Amino acid sequence: MDSSNGVGCLSVAQIVLVILKLTELISWSWWLVLTPVWIWSGLFLLVLILGAIALTVSNDKEVKKTKKDIDKIWNGKHGEDD
Numbered sequence: 083m084d085s086s087n088g089v090g091c092l093s094v095a096q097i098v099l100v101i102l103k104l105t106e107l108i109s110w111s112w113w114l115v116l117t118p119v120w121i122w123s124g125l126f127l128l129v130l131i132l133g134a135i136a137l138t139v140s141n142d143k144e145v146k147k148t149k150k151d152i153d154k155i156w157n158g159k160h161g162e163d164d
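Note that the working numbering has the sequence shown beginning at 83, numbered continuously upward.
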């Protein structure tokens, strides 16, 4: 399925499952009906965790500079030198 229009397979599956649940054609629990949401959430969390790990263990100078810049912004030191 082409997801360029913003609707992917998981979105269609989610809509179908919710409609089936609301029309009482299936008697599944809402946890099971919302499985596509859990899949997307899990994938997002996995990418976030892997990205954080990659940033943490990287020895690349550009990444270190970016981490330093983010730290400056986070601590409110916009444009200040060390």
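No wet-lab data here; the hints were simulated from the structure. Predicted model only: the values in this text are computed from it and were never measured. Some clues are possibly wrong.
Straight-line distance between alpha carbons at most 20 Å, and here's what the computed EDC-like set of lysine to aspartate or glutamate pairs gives [said to hold, decoys possible]:
#	residue 1	residue 2
1	143	153
2	154	142
3	154	144
Simulated restraints, written as ranges between beta carbons of each label pair [to be verified]:
#	residue 1	residue 2	range
4	101	124	40 to 48 Å
5	123	89	16 to 24 Å
6	119	144	33 to 41 Å
7	121	158	20 to 28 Å
8	147	98	31 to 39 Å
9	92	140	44 to 52 Å
10	100	152	35 to 43 Å
11	111	90	30 to 38 Å
12	158	137	46 to 54 Å
13	90	113	42 to 50 Å
14	148	126	16 to 24 Å
15	134	158	19 to 27 Å
Here a beta-carbon is modelled for each residue, glycine too, at the ideal position from N, C-alpha and C.
Quick rundown of the hints versus the structure:
Pair hint residue 143 plus residue 153 holds up; C-alpha atoms about 15 Å apart against a cutoff of 20 Å. Of the pairs offered as hints, the one joining residue 154 and residue 142 holds, with about 19 Å between alpha carbons and a cut-off of 20 Å not exceeded. Note on residue 154 and residue 144: the hinted pairing holds, with a Cα-Cα distance of about 15 Å set against a maximum of 20 Å. Between residue 101 and residue 124 the beta carbons are some 23 Å apart, a value that contradicts the proposed interval 40 to 48 Å.
Taken as a hint, the range 16 to 24 Å holds for the pair residue 123 and residue 89, whose Cβ atoms sit roughly 18 Å apart. As the Cβ distance of residue 119 to residue 144 is approximately 36 Å, the hint placing it in 33 to 41 Å holds. Distance hint check for residue 121 and residue 158: the Cβ-Cβ separation is about 38 Å, which falls outside the suggested range of 20 to 28 Å. Separated by about 47 Å at the C-beta atoms, residue 147 and residue 98 break the suggested range of 31 to 39 Å.
Checking the proposed 44 to 52 Å range against residue 92 and residue 140 shows it is violated: the Cβ atoms sit about 31 Å from each other. The hint said 35 to 43 Å for the Cβ distance between residue 100 and residue 152, and at roughly 39 Å that hint holds. Separated by about 24 Å at the C-beta atoms, residue 111 and residue 90 break the suggested range of 30 to 38 Å. At about 21 Å, the beta-carbon gap between residue 158 and residue 137 misses the expected band of 46 to 54 Å.
A hinted range of 42 to 50 Å for the beta carbons of residue 90 and residue 113 is inconsistent with their spacing of about 21 Å. For residue 148 and residue 126, the hinted distance range of 16 to 24 Å is satisfied, since their beta carbons lie about 21 Å from each other. With their beta carbons about 22 Å apart, residue 134 and residue 158 fall inside the hinted range of 19 to 27 Å.
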